[in-house]
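Protein chains: 2
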Amino acid sequence: MSVPRDHPRYHSLMQREKLARGYEQGITVIEGLIAHGRGEAFDYLIGEATAEPAKRAIRAAAATLLLASMPVISVNGNTAALCPAQLVHLARVANAKLEVNLFYRSRERARRIAAVLKQAGAEEVLGVEPEAEIPNLSSERRLVAKRGIYSADVVLLAIEDGDRTEALVEMGKRVIAIDLNPLSRTAQRASITIVDEVTRALPLLTQEVEKLRGLSKAQLEELASFDNRANLKAMLRHITQRLSELEP
Amino acid sequence: MSVPRDHPRYHSLMQREKLARGYEQGITVIEGLIAHGRGEAFDYLIGEATAEPAKRAIRAAAATLLLASMPVISVNGNTAALCPAQLVHLARVANAKLEVNLFYRSRERARRIAAVLKQAGAEEVLGVEPEAEIPNLSSERRLVAKRGIYSADVVLLAIEDGDRTEALVEMGKRVIAIDLNPLSRTAQRASITIVDEVTRALPLLTQEVEKLRGLSKAQLEELASFDNRANLKAMLRHITQRLSELEP
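Heads up: the sequence lines are chains H and B, in that order.
Anchor point for the first sequence: position 158 equals 158 in the numbering used here, and the numbering is continuous, going up by one each time.
Positions in the second sequence are counted from 1; adding 1000 to them yields the numbering used here.
Just so you know, these hints were derived from the structure itself, not from any lab.
Any given hint could be a false lead.
Sample of chain H residues with no beta-carbon within 12 angstroms of chain B, all distances over it, derived [stated by the list, open to error]:
id: 1; residue: Arg16
id: 2; residue: Glu17
id: 3; residue: Arg21
id: 4; residue: Val29
id: 5; residue: Gly32
id: 6; residue: Gln86
id: 7; residue: Gln119
id: 8; residue: Gln207
Here are the computed lysine-lysine pairs in the BS3-like style, where the Cα-Cα straight-line distance is at most 25 angstroms [stated by the list, open to error]:
id: 9; chain 1: B; residue 1: Lys1018; chain 2: H; residue 2: Lys18
id: 10; chain 1: B; residue 1: Lys1055; chain 2: H; residue 2: Lys233
id: 11; chain 1: H; residue 1: Lys55; chain 2: H; residue 2: Lys233
id: 12; chain 1: B; residue 1: Lys1118; chain 2: B; residue 2: Lys1146
id: 13; chain 1: B; residue 1: Lys1211; chain 2: B; residue 2: Lys1055
id: 14; chain 1: H; residue 1: Lys217; chain 2: H; residue 2: Lys55
Which chain H residues face chain B? A few, computed with CB under 8 angstroms, are given here [said to hold, decoys possible]:
id: 15; residue: Ile30
id: 16; residue: Leu67
id: 17; residue: Leu183
id: 18; residue: Leu212
id: 19; residue: Gly214
id: 20; residue: Ser216
id: 21; residue: Thr240
id: 22; residue: Glu245
Positions of the beta carbon are idealized from the N, C-alpha and C atoms, including for glycine.
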């Protein structure tokens, strides 16, 4: 299928095509395709644009990344299929490590995702041979790299399950989540939730890190302090407002 | 993967497994998996239960089916994977024909879906070798059976694209749509939209047909007269109400 560039749904159709290709390559799984559909529905409700509360979350996330002594970006099958170059770019700008972390893990799948990130310019990708475990987590997502997520003080993740988000927060880490569903457990458990589509949010976050880089520690700390619950409420109000305007 | 029956998400996980199996068997397509995810998100917002407005739409749909002289149930890859027996049962009770109709059509895929329906007890499945076309429709969905959708006065469909719904209405048919997104073009163009999850709605619709069977034509006509726009507005209010209760 080739999608004409001027198609009104070009971006959305291209994303589906990238995920379909990811599935054929053994990077994305069926569950990831369905999760993407859930995201599409929420993005539709949000208005397929970065909302004001999401912009505030992005600012807090950027400050948090700059304050981190060891930030790690967790990569799954969907984000690897959709935006490997954006992930690598953010990792470089934020001085963060990249680590593969999968719910449906196989060594082969982890290796393929690492290869995709390396093709996109990553020098090192952790998590292919994880040697540590997140405590109190039974899924395969518990398997992490010792000098990656295990030791990180800040973890950025997208399209995630609530259990791991919770377990990471319990380990004392600051978790930045990119999640389109403001009601998901990930959204509610994360320290900072960016309710936005991942390929829209990542470049904005990267820009923001570059923009805030010159600030003092005190200034960054002020920007990084963030009321996630209040922000999620603001996102929900945004959706409810849009729904009332959209009435058929 | 085997899902324990007492898992809180048992039904949802089983559906994903059925779709995954459908994909492996060449019945479901990638686009269908993503569409299912969109449906999951809307179902979550609806509350994963048949809402009052949906019950009213089901009643109107049942009366419409009983009044029809030639009702046809249109089957696609997702419904064939999720609920072939429910489709066959409704067809029998409503004296309706079953017809395969696909956006991503191949003869092989249409044949496989027909085989699934026959395994589930269907005597005849139309649409494998379609010999007619819906006017003003360019997608593969235009290809229909002459003594099926082409001649039907009532068409029931689920998880559909807006273009075909519109073209069928323009042909003068009554279209009953089962669609979880009250804002979709299908939902808005159909004559009667049941905003509910398809495997919840189908048995309720079948029951309702059985229940209303004894009524007079005049009584059925009264039940079949339906303000779809008002019903969709009621569904949206239901969602908005729930969202305001769900605030994090």
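Status of the hints after comparison with the structure:
With 12 angstroms as the threshold on Cβ separation, the claim that Arg16/H sits away from chain B is violated: the shortest Cβ distance comes to roughly 6 angstroms. With a least beta-carbon separation of about 9 angstroms from chain B, Glu17/H fails to lie farther than 12 angstroms from that chain, contradicting its non-interface assignment. A beta-carbon of chain B is positioned within 12 angstroms of the beta-carbon of Arg21/H; the least distance is around 10 angstroms. Not every C-beta of chain B lies more than 12 angstroms from that of Val29/H, the closest at about 9 angstroms, which undercuts listing it as non-interface.
Not every CB of chain B lies more than 12 angstroms from the CB of Gly32/H, the least distance being 9 angstroms, so the non-interface label is violated. No beta-carbon of chain B comes within 12 angstroms of the beta-carbon of Gln86/H; the shortest separation is about 21 angstroms. The beta carbon of Gln119/H is kept farther than 12 angstroms from every beta carbon of chain B, the shortest such distance being approximately 23 angstroms. Every beta carbon of chain B lies more than 12 angstroms from that of Gln207/H, the smallest distance being close to 28 angstroms; the non-interface claim holds.
Note on Lys1018/B and Lys18/H: the hinted pairing holds, with a Cα-Cα distance of about 23 angstroms set against a maximum of 25 angstroms. Distance hint between Lys1055/B and Lys233/H is unfulfilled; the C-alpha atoms sit about 31 angstroms from each other, more than 25 angstroms. For the hint pairing Lys55/H with Lys233/H, the CA-to-CA distance comes to about 14 angstroms; that is within 25 angstroms, so the pair holds. About 20 angstroms separates the Cα atoms of Lys1118/B and Lys1146/B, which keeps this hinted pair within 25 angstroms; it holds.
Under the criterion of a C-alpha separation no larger than 25 angstroms, the hint pairing Lys1211/B with Lys1055/B is consistent with the structure, at around 14 angstroms. For the suggested pair Lys217/H and Lys55/H, the alpha carbons sit about 21 angstroms apart, so the restraint of at most 25 angstroms is met. A distance limit of 8 angstroms between C-beta atoms decides the matter here; for Ile30/H the minimum to chain B is near 4 angstroms, and the interface restraint holds. Using the Cβ-Cβ criterion of 8 angstroms, the hint placing Leu67/H at the interface with chain B is not satisfied: the shortest such distance is roughly 25 angstroms.
For Leu183/H, the shortest C-beta to C-beta distance to chain B is roughly 6 angstroms, which falls under 8 angstroms, so the interface hint holds. Interface hint status for Leu212/H: violated, as the beta-carbon distance to the closest one in chain B is roughly 27 angstroms, over 8 angstroms. Of the supplied interface hints, the one on Gly214/H is violated, with its beta-carbon coming no nearer than about 34 angstroms to a beta-carbon of chain B, more than 8 angstroms. Using the Cβ-Cβ criterion of 8 angstroms, the hint placing Ser216/H at the interface with chain B is not satisfied: the shortest such distance is roughly 32 angstroms.
A cut of 8 angstroms between beta carbons decides the hint on Thr240/H: the least distance to chain B is about 5 angstroms, and the hint holds. With 8 angstroms as the threshold, the beta carbon of Glu245/H stays out of range of chain B, its nearest partner Cβ sitting at about 11 angstroms, so the hint is violated.
In this structure, the earlier hints numbered 1, 2, 3, 4, 5, 10, 16, 18, 19, 20 and 22 are contradicted, and the remaining ones agree with it.
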